[in-house]
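The listed protein sequences derive, respectively, from chains A and B. Just so you know, my numbering puts 82 at position 82 of the first sequence, and the rest follows in order with no gaps. Every number in my numbering is 1000 more than the matching position in the second sequence, counting from 1.
No false leads were slipped in.
Mimicking EDC-like on lysine to aspartate or glutamate, the simulated pairs with C-alpha atoms at most 20 Å apart in a straight line are:
#, chain 1, residue 1, chain 2, residue 2
1, A, LYS205, B, GLU1082
2, A, LYS205, B, GLU1103
3, A, LYS95, B, GLU1019
4, A, LYS205, B, GLU1106
5, B, LYS1023, B, GLU1247
6, B, LYS1074, A, ASP239
7, A, LYS80, B, GLU1018
8, B, LYS1081, B, GLU1106
9, B, LYS1021, B, ASP1176
10, A, LYS88, B, GLU1012
11, B, LYS1021, B, ASP1244
12, A, LYS95, B, GLU1101
13, A, LYS80, B, GLU1014
14, B, LYS1023, B, ASP1176
15, B, LYS1003, A, GLU92
Just the calculated beta-carbon pair ranges, DEER-fashion:
#, chain 1, residue 1, chain 2, residue 2, range
16, A, ASP319, B, CYS1038, 25 to 33 Å
17, A, PRO303, B, GLY1130, 38 to 46 Å
18, B, ASP1182, A, LYS50, 19 to 27 Å
19, A, PRO99, B, GLU1347, 58 to 66 Å
20, B, PRO1286, A, LYS50, 49 to 57 Å
Keep in mind the hints are simulated off the structure, nothing from the lab. In this text, all values refer to a predicted model and were calculated from it rather than measured experimentally. Even for Gly, the Cβ is constructed at its ideal location relative to N, Cα and C.
Listed here are the chains, written in short residue letters.
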Amino acid sequence: MKKQFMKRILLISFCISTMCLQNSFAQQIAAGEKIYKANCSACHSIGKGKIVGPDLINVTTRRPTQWLNKFIRSSQALVKSGDPVAVKLFNEHNKIPMPDQTLTDVQLKDILAYIKSKSAPIAPAKTTPKPTEANTSTKPSVKTNTNSPTAAKEKIDWVDAEFALKSYPAKQKINAKELNADFWSTIEALKLPVSPQQATYPTLKNPSVEQLTIKSVYLPKEVAFRIEWNDSSKNNEVDVVKFCDQFAVQFPISLNDIPSYMMGNKGGMVHIVHWKAIWQEDCEKGFQDVQVKYPNMWVDVYPGLESYLDRSKRIYAQDIGAELIVETHATGNMPGTYSNNPMSVIKRKEPVEEAVAEGFGTLATQETQQAKAWAEWKEGKWTLCIVVPVNTGNHYKASFTDRTKVAFALWDGGFQNIGGRKHFVPWIDLLLQK
Amino acid sequence: MAKVKNWQLNREMEYPYEEKKPKKQITYVFDTNKCIACQTCTVACKTTWAAGKGEETIFFNNVETKPYGGYPQKWDVNTLKELNEQEWGKGGVYKGKTIFESESGERVTGWRPEERSYAFPNIGEDEVLGNMEKGAFFNGIHDIWMFYLARICNHCSYPGCLAACPRKAIYKREEDGIVLIDQSRCRGYKECVKACPYKKTFFNMVTRVSEKCIGCYPLIEQGEQPRCVTSCIGKIRLQGFMEDAKEPRRDSPFDMIVRIKKIALPLYPQFGTQPNVYYVPPVHVPKDFLIQMFGPNVEDAITLYRNMKDDKELLAAFMLFGNTPRIIHSYKAEENHAVGYNEIGDEIVRVPYVEPVHNRPHWDAQFQTFRHNTP
Chain A
1 MKKQFMKRIL
11 LISFCISTMC
21 LQNSFAQQIA
31 AGEKIYKANC
41 SACHSIGKGK
51 IVGPDLINVT
61 TRRPTQWLNK
71 FIRSSQALVK
81 SGDPVAVKLF
91 NEHNKIPMPD
101 QTLTDVQLKD
111 ILAYIKSKSA
121 PIAPAKTTPK
131 PTEANTSTKP
141 SVKTNTNSPT
151 AAKEKIDWVD
161 AEFALKSYPA
171 KQKINAKELN
181 ADFWSTIEAL
191 KLPVSPQQAT
201 YPTLKNPSVE
211 QLTIKSVYLP
221 KEVAFRIEWN
231 DSSKNNEVDV
241 VKFCDQFAVQ
251 FPISLNDIPS
261 YMMGNKGGMV
271 HIVHWKAIWQ
281 EDCEKGFQDV
291 QVKYPNMWVD
301 VYPGLESYLD
311 RSKRIYAQDI
321 GAELIVETHA
331 TGNMPGTYSN
341 NPMSVIKRKE
351 PVEEAVAEGF
361 GTLATQETQQ
371 AKAWAEWKEG
381 KWTLCIVVPV
391 NTGNHYKASF
401 TDRTKVAFAL
411 WDGGFQNIGG
421 RKHFVPWIDL
431 LLQK
Chain B
1001 MAKVKNWQLN
1011 REMEYPYEEK
1021 KPKKQITYVF
1031 DTNKCIACQT
1041 CTVACKTTWA
1051 AGKGEETIFF
1061 NNVETKPYGG
1071 YPQKWDVNTL
1081 KELNEQEWGK
1091 GGVYKGKTIF
1101 ESESGERVTG
1111 WRPEERSYAF
1121 PNIGEDEVLG
1131 NMEKGAFFNG
1141 IHDIWMFYLA
1151 RICNHCSYPG
1161 CLAACPRKAI
1171 YKREEDGIVL
1181 IDQSRCRGYK
1191 ECVKACPYKK
1201 TFFNMVTRVS
1211 EKCIGCYPLI
1221 EQGEQPRCVT
1231 SCIGKIRLQG
1241 FMEDAKEPRR
1251 DSPFDMIVRI
1261 KKIALPLYPQ
1271 FGTQPNVYYV
1281 PPVHVPKDFL
1291 IQMFGPNVED
1301 AITLYRNMKD
1311 DKELLAAFML
1321 FGNTPRIIHS
1331 YKAEENHAVG
1341 YNEIGDEIVR
1351 VPYVEPVHNR
1361 PHWDAQFQTF
1371 RHNTP
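Just chain A, with the same shape it has in the complex (with noise of 0.2 Å):
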């Protein structure tokens, strides 16, 4: 009896002190949930298992919170002073270290606070309030499909993010060469800051474009950018040193679990449509070939191409092109092209490449390519159109009904960007406006 009436009382007390604390506990959660989003969501889900770094959910009670504190701060300070738990991670997680967070105090009791109440099993997240409540109104409410036949799909967990992009219906088919279109004028633009890449390595150490500006029309099938950004060089060339500029946009192929927005997860594909000043060079002005870039090369022979020699016309083994060599087949002595390499490509129809991501090194080129881009460098300033074929019903490309997430990458390549060293934009919503 007295044990019964015991835990009575404590029960009571706890909800009380549960319910006085439960405003400023949102609030923190709240604040938690910005920062979250901002700093760790690259790397860390919280209940669906690892990305770059461990899976979050009940971090709180699995460590001391001055020790989470410690490690936040910098990870490898504790690394380095042979903190064993510390040790045992950086060595779990293939030796990545986590970046140091410079935060205060009081936001990373709000960052414990998030997580914890994303592990809790009744998540008193349920009353947060919306991040950015001036955005609200503005975005339709969650819409279930509730055409699919896997009941899976009635969990969705959507977050708004903190920016959305709205996509308005095209009146006529989208033609990505003409950048200029009239009705592109318009459309609703929605200017977007970049932020270096820095989570994982390589790095981008300083970044060099701030922000992109971005319009959005869109089709029964597909999803039409038109992308403009500062840029105060055209990169468009191949060689050793010199790098081009490229941008990709990102889609979450499944809604159910939105991936990591840098590219994506184990578990958590990504749709990835990827253009390139190189390839952009290709399709407007052929392959640049050797004999393109440094005419007055001189090559003895190429072995195996030496019936294509004619002295009586001055056909030299430089004169040999590349898309002669991949015509009659002879690629053996090119590597790339006789792996089928998708980089090693030599007759290029398209600018832009599709692909496919579920993490850090994993970007895989797509088997069917629908994508279409085209792109203009004028006066400082890169304007791009980049077609998304999407509810293709191929499941490797993204599929959704009224909205969805997308993300963007930019390299810049007067500054030496490529692969990792990139620009990014994390998710942002984008709302097909009817």
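With chain A's structure known, arrange chain B on it following the hints.
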């Protein structure tokens, strides 16, 4: 970063991946004292592997003249500059920073060569260090010096290229430690070109992906030594395998040369990649230069080399160079011959320490012709 053991530095060092030794490690020994820079190795390699479109300026194998030459230009001094002044401590322990330990904010410290850096594969050829003094004459010892340095991919135990590749398109084969770039997986980020301190990964501007020396693995798989080794007319090269996890074997020419006698030394061991091409240092070059290039054991190696004629066990190992295309797994110093054996212990080569002298008559009666005896 993991802690790995680098025996060339006599200490542990940081590396992005855990230590994982191949079953056996491809190893080469080059005797710089015998190289005449004829470039036969360069041509053999070029015509076999790098003769295609986009490979015009790519040489997996090259021979350069030190101190001025370098392909690509300044490949070594640029990396040394990146690392800045470093120090060897007592007992051959490297006290400085490797390319994996520098605080450059990059996973691997490196630099990017320009297209033009590859334009002069033999720049500085035969150029000596310094000028001849007015009135100087040859008195038996050269005051000024140069030497030839033959270079290929070092198939490092801790490759910089592999560490830098964000796509893990570079791998080290478990069976023989050969480092390869997956030609279908590479996306041409050129991180390896930046990271390799020996600058032995190359960007192909036509296929737009990177390539490197493949250690002639199709030959290796047949039990034969690579093209650059077997084509060497100066017989300066020997290729085989080492297993540095095991105790050195006295019947392995590589363990004998590299680990027991330490007469052949790694090239720029301070970079930290634990390269697997070992060089007998040139005997006539100032020590400071050699220590910078081959580490602190240079003087001992040179003394040993000068006295090799008295050390039959070591001499026998050197006799095997360039005398068989097959890979030698073990050897024996017999009374008059050095004998090499293959993996299963069959004799594959027998070389006399002293070549027999044949005196032929000036007049050859059979072919009705005069003959010259060229020594």
